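A.B. asks: The listed protein sequences derive, respectively, from chains A, B, C, D, E and F.
Following our numbering, the numbering of the first sequence begins with 1 at its first residue and continues without gaps.
Following our numbering, the numbering of the second sequence begins with 1001 at its first residue and continues without gaps.
Following our numbering, the numbering of the third sequence begins with 2001 at its first residue and continues without gaps.
Following our numbering, the numbering of the fourth sequence begins with 3001 at its first residue and continues without gaps.
Following our numbering, the numbering of the fifth sequence begins with 4001 at its first residue and continues without gaps.
Following our numbering, the numbering of the sixth sequence begins with 5001 at its first residue and continues without gaps.
Be careful, since some hints might not be right.
[Claimed, not checked] Facing chain A, according to a computed beta carbon distance under 8 Å, are these residues of chain F, among others:
1) Glu5182
2) Val5188
3) Asp5215
4) Lys5216
5) Pro5232
[Unchecked claim] SDA-like cross-link-like pairs, simulated, lysine to any residue; straight-line CA separation at most 20 Å:
6) Lys4199/E with Met3173/D
7) Lys2169/C with Gly1084/B
8) Lys2003/C with Leu3071/D
9) Lys2003/C with Glu3225/D
[Unchecked claim] Take a look, some chain C residues computed to stay more than 12 Å from chain B by CB distance:
10) Pro2009
11) Asp2012
12) Glu2225
13) Glu2234
Treat the hints as calculated values from the structure; they're not laboratory data.
Bear in mind the structure is a predicted one, so any value in this text is a computation, not a measurement.
Beta carbons are placed, not taken as given, at the ideal position from N, Cα and C, and that holds for glycine.
There are 6 protein chains.
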Amino acid sequence: MKKIKTYIPGLDEMLKGGILQGRNILLSGPCGSGKSTFAMQFIYNGVMKHGEAGLYVTLEESKEKLYDDMLQFGLDLKKAEQVGKFHLIGGPIASLKTYMEKVDANMTHIIKEIEDVIKEHKIKRVVVDSINLLTMLLKNDEERRKALASLCNSLSTLGCTTILTSETKEGSMDLSRYGIEEFIVDGVIVLYLVRQGSKFVPGITIRKMRGSDHDKEIRVFKITEKGIVVYPTETMFADI
Amino acid sequence: MKKIKTYIPGLDEMLKGGILQGRNILLSGPCGSGKSTFAMQFIYNGVMKHGEAGLYVTLEESKEKLYDDMLQFGLDLKKAEQVGKFHLIGGPIASLKTYMEKVDANMTHIIKEIEDVIKEHKIKRVVVDSINLLTMLLKNDEERRKALASLCNSLSTLGCTTILTSETKEGSMDLSRYGIEEFIVDGVIVLYLVRQGSKFVPGITIRKMRGSDHDKEIRVFKITEKGIVVYPTETMFADI
Amino acid sequence: MKKIKTYIPGLDEMLKGGILQGRNILLSGPCGSGKSTFAMQFIYNGVMKHGEAGLYVTLEESKEKLYDDMLQFGLDLKKAEQVGKFHLIGGPIASLKTYMEKVDANMTHIIKEIEDVIKEHKIKRVVVDSINLLTMLLKNDEERRKALASLCNSLSTLGCTTILTSETKEGSMDLSRYGIEEFIVDGVIVLYLVRQGSKFVPGITIRKMRGSDHDKEIRVFKITEKGIVVYPTETMFADI
Amino acid sequence: MKKIKTYIPGLDEMLKGGILQGRNILLSGPCGSGKSTFAMQFIYNGVMKHGEAGLYVTLEESKEKLYDDMLQFGLDLKKAEQVGKFHLIGGPIASLKTYMEKVDANMTHIIKEIEDVIKEHKIKRVVVDSINLLTMLLKNDEERRKALASLCNSLSTLGCTTILTSETKEGSMDLSRYGIEEFIVDGVIVLYLVRQGSKFVPGITIRKMRGSDHDKEIRVFKITEKGIVVYPTETMFADI
Amino acid sequence: MKKIKTYIPGLDEMLKGGILQGRNILLSGPCGSGKSTFAMQFIYNGVMKHGEAGLYVTLEESKEKLYDDMLQFGLDLKKAEQVGKFHLIGGPIASLKTYMEKVDANMTHIIKEIEDVIKEHKIKRVVVDSINLLTMLLKNDEERRKALASLCNSLSTLGCTTILTSETKEGSMDLSRYGIEEFIVDGVIVLYLVRQGSKFVPGITIRKMRGSDHDKEIRVFKITEKGIVVYPTETMFADI
Amino acid sequence: MKKIKTYIPGLDEMLKGGILQGRNILLSGPCGSGKSTFAMQFIYNGVMKHGEAGLYVTLEESKEKLYDDMLQFGLDLKKAEQVGKFHLIGGPIASLKTYMEKVDANMTHIIKEIEDVIKEHKIKRVVVDSINLLTMLLKNDEERRKALASLCNSLSTLGCTTILTSETKEGSMDLSRYGIEEFIVDGVIVLYLVRQGSKFVPGITIRKMRGSDHDKEIRVFKITEKGIVVYPTETMFADI
């Protein structure tokens, strides 16, 4: 099976080569742990280093803010756009207010819109940031599970490798908001932000990765001016 | 009473010979603890080492992904299929999207479908992976309990030995999602994934096994390239 | 007041002679702690050692499985049946599927059925295994409490000494599922299964026993090939 | 203000003389901590040592069982009855089954019945054992609070000194089931049953006693063959 | 801004002079921590030492009981009444039973009644003991918040300095029952009752006091025969 | 991107220059941690030191109280008002009582009112104190999220830099009341109030700040007579 490199420094080593093509990965972590940066590096690196078309679906940020924010980590989305391979759903042309109401009307519309963009632009890498806001729109766990399974199945069938971000509750050990998201995906990567004294120390682990061997320890990462950098041989906690 | 060998290395020693024929076992564990691999080894070994027809019901993975994933552990499902004794419900012919809607319509349909496959192919070993998604479709604990009791009773009556997987909440001590699944089954095997420093260490214990003596300690297991291997004489924690 | 011997080795010593005749006892404990074995020993010993007719009501197991399972502990239910004093409600003649629907229809039916069997066969010892499944069928705490009070009152009036088993949530300190069952009964016996290192160690205590003095410490018990054996002078934890 | 002696050995010393006449006391504690014995001693001692008429309202036990149980502690209720000053609501003449249905119909009926007995027999001491079952019959906290306030007000107006028992959840720190009962009463006495090693050690404290000074430490008590005996100068835990 | 002295020994020192005139203070603490005594001292001292008219609204106690109870702490409410400056809402003229029903009918009635008494008697100090029972009457958090904001606004506009008592759940860290009461008030004073060994040790802290500097440590207080006495220079816990 | 100075001593150093213009910041902390003072300093400093028009929306305090309270910290709002650049929504002209009912009627009215004031007075800095009361008015998480996203989007589009205060539950680790507020904003600043012995020690950390590097430790701050002062090089806890 073919593996897709994330090109996030140190991560592909933990993944023993990358993510299996066509798989859905849940990226889980608390507020401010770097989920959006991680996810954007995955798309951006695909476009700039590999020539693979990427789609970033955001329900949290406007295009302007996102573009500004990512510059901080050397991710120049205007440049990626000019290459013709970076695509965004959720920006201000479809203004947030209007967009919300559309989503509200029918969940399948947003899946349809994603599918259309994928087919039209031959997208290979997809990010949905975050899955929390999508699932919040649905009435119950059964609805959430059906919508997520439908989305994931559709993305895999179209050959896309996908990262779905999930913000976890402060101080909890949950992997997702509703406790069902991790069933549907093929892999789970967890970002930690652990208080040690007065510091919040970031850590990363691969909790599940169907069909692929992977590192099983909690490793250190840093958010630098080049984005996320993983240290695949440094452990977060001393061993007992 | 006749015991069915799992052929999972080390496990039959913990089980003092295997699982009683016709019994239902709940296999409980957190995300990424190896439940699907464990369950597939049980089916695959039945087919390849014992010539027993097996049925794997999945509501989480497509056939393609499952086949790919299991190759990693030396479980060649295409080969098992060619032997004519490996059967799968939940694959892409009945596409996930369509399948979900059918399940939604009536829970008894899926039980009927399982019964039909069992009778037609003289299935001896069954896996339902996972029971979480089945129970999530039902409205309340009474409905869940009736459906599960009906399914388990039906499988036992048909002479099948069954493993039902149950994903537990991260960091909880629950044995199942709704806290009723463990009442209905004949046995409960628990997989642990305990953080020790920066490592996640896997452990296994037999928590209940009606009608059969069994090992009562938490033992070490590893997920190797040959699948799950249990170390039936090594304990997970030092004794107090 | 007359005390009924359980004949469970060591337990009658803890109970200072046995259970008061006509009383209802809640037997509480986690999954796999030996509640069914304990309860069946109480019935079986009554039949075989004391010539007292016994009734075992199960909503969890089929007759075949139950008979097979109990043989493991030297409890030969076929022999007890031939003596003419062992009775079972919940077996396969009233198949589980059908039975469930009948229960669903009206809770008072099952109480009526129990009363009829008691009167016809002059039952002296009754077990309901488990009470969880009965209470789960009812809509709210008030319904549950009324049904349980009605059942307990009816059994006491008929002169039966009763054990109601209650499976507690893994890792909780609850005595019952809804937190009301312990109000209605005359006594509460608790089975523990405490992890110590990699072992699960069984313990037993008498938490309440109206009208009767009793041992008040947590004692050790073992599940042997002769069933439950209590060590009434060994304490589970070292004293502080 | 006049104080009513409980005559429970050691308790009146903690209460600096007794309970203020006409007040409502909540007696809170877990299953098996001795609440019913405590409450019955209060009534029985009133009748036998002080010539005060007492009323015991039970929704948990039949008259026969209660009479039998209390004999164990030297409380001979038949004798108290013959004195003509011991009264019981909840016994088998109004059988439990029928009684429940009557309660169900209208909560004010039971308050009315209690008032009638108090007036007819010039009752001075009242016990309601337990308040949990009364409050469980009501729909929400507002209903519960109104019914309890109404009952307590009525009992105080009639000059009765009252003990309301409240069974607390195993292992919790709650003072009552719904967290409102303690607002309405004039005083709260708490019984503890604390595990120390393999023992359950009983303790007692006075948590609130409006209008009256009282001991503020957790004291030791024992359940002896003469009922509850409090050791008002022995503390339960070593001081820090 | 003018500060109102509480005249509770030691407290005005913690408050750096007293409470700002016209402000609403939440007095939070567990059962039996002395909230009513604290609140009554505030009213009584206003009347007797300062000649300020005071209103005490109680939904928990009858006038008779309250008068009796407060005598224990040297608070002679009959004398305060004779001075013509002490007023009470919630006593037996409007009997509790009737009163409850009136409240039930319309929450604005009770606010209106309080306003009328304030205007008629030129009340300067108000106590509502407790706010729990008022908020419990309302359907949801929005209703509760509106009613409380309306009450607090009305009292401030009329120039009254107010203490609202709030009973917190045993063993919790909550400041109020619904978690919204502390938003609406201008200040929060917390009473603690901390178990140390077998003793319950009282402590007091000022958690919030808009517009006014204040002591920020947990201080010791005692409930003496002269009521609450605060030790404003003694800390409750040793510093780390 | 342009950064807006808060002029709160020490904070701009933690923020590496200030807050990005046009961004929404959640200011989270428990009762009495100084959120309102912090937020008002942000507005006041903008007006007095930078000549930027500011809008303070309060749903908790009347204008009179707020003006009085802020004087304590040297924030003279009358003076700021005379400068013609300080604006307030929620004061007594639109009396609290009336205002609440208006809000109740339609959430979009309050957003509209804020937008009108911003446009008319060319507001650059906005505070909503607190967001808890706004979100409490809405029915469910989806409604809350839509209203917040709409408000934040509108404020960003109008070029305003905004602080939304959020009171967290005592003793919890939550960042907001409903656990969704932190998704919608661009940054999260957390105020702590940690008990150390008998003291409550204040601390501050920047948990998330999209598009901007920032200090990542928990720093000490004090509430002085000049308002909040941050010590950007002192850590709150000793490092492990």
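A.B. asks: Next step is simple, just say for each hint if it's right about the structure.
C.D. replies: Quick rundown of the hints versus the structure:
Among the interface hints, the one on glutamate 5182/F holds; its C-beta lies about 5 Å from the nearest C-beta in chain A, closer than the 8 Å criterion. For the restraint placing valine 5188/F at the interface with chain A, the shortest Cβ-Cβ distance is roughly 6 Å, inside the 8 Å limit, so the hint holds. A cut of 8 Å between beta carbons decides the hint on aspartate 5215/F: the least distance to chain A is about 10 Å, and the hint is violated. For lysine 5216/F, the interface hint holds, since its Cβ comes within 8 Å of a Cβ in chain A; the closest pair sits about 6 Å apart.
At a threshold of 8 Å, the smallest CB-CB gap from proline 5232/F to chain A is about 12 Å, leaving the interface hint violated. Simply put, lysine 4199/E and methionine 3173/D have alpha-carbon atoms about 16 Å apart, close enough for the 20 Å limit, and the pair holds. Using a Cα cut-off of 20 Å, the hinted pair lysine 2169/C and glycine 1084/B is violated, with the two alpha carbons roughly 42 Å apart. Distance check on the hinted pair: lysine 2003/C and leucine 3071/D sit about 15 Å apart at the alpha-carbon level, within 20 Å; holds.
Only pairs whose Cα atoms come within 20 Å are accepted, and lysine 2003/C paired with glutamate 3225/D is accepted, the gap being roughly 18 Å. Distance check on proline 2009/C: its Cβ is at least 18 Å (rounded) from any Cβ of chain B, clearing the 12 Å threshold; non-interface status holds. With a closest Cβ-Cβ approach of about 26 Å to chain B, aspartate 2012/C is found to remain outside the 12 Å limit, as its non-interface label requires. For glutamate 2225/C, the non-interface assignment is contradicted: its Cβ lies about 8 Å from the closest Cβ of chain B, within the 12 Å cut-off.
The Cβ of glutamate 2234/C sits about 17 Å from the closest Cβ of chain B, beyond the 12 Å cut-off, so the non-interface label holds.
The structure does not agree with the numbered hints 3, 5, 7, 12 stated previously, though it agrees with the rest.
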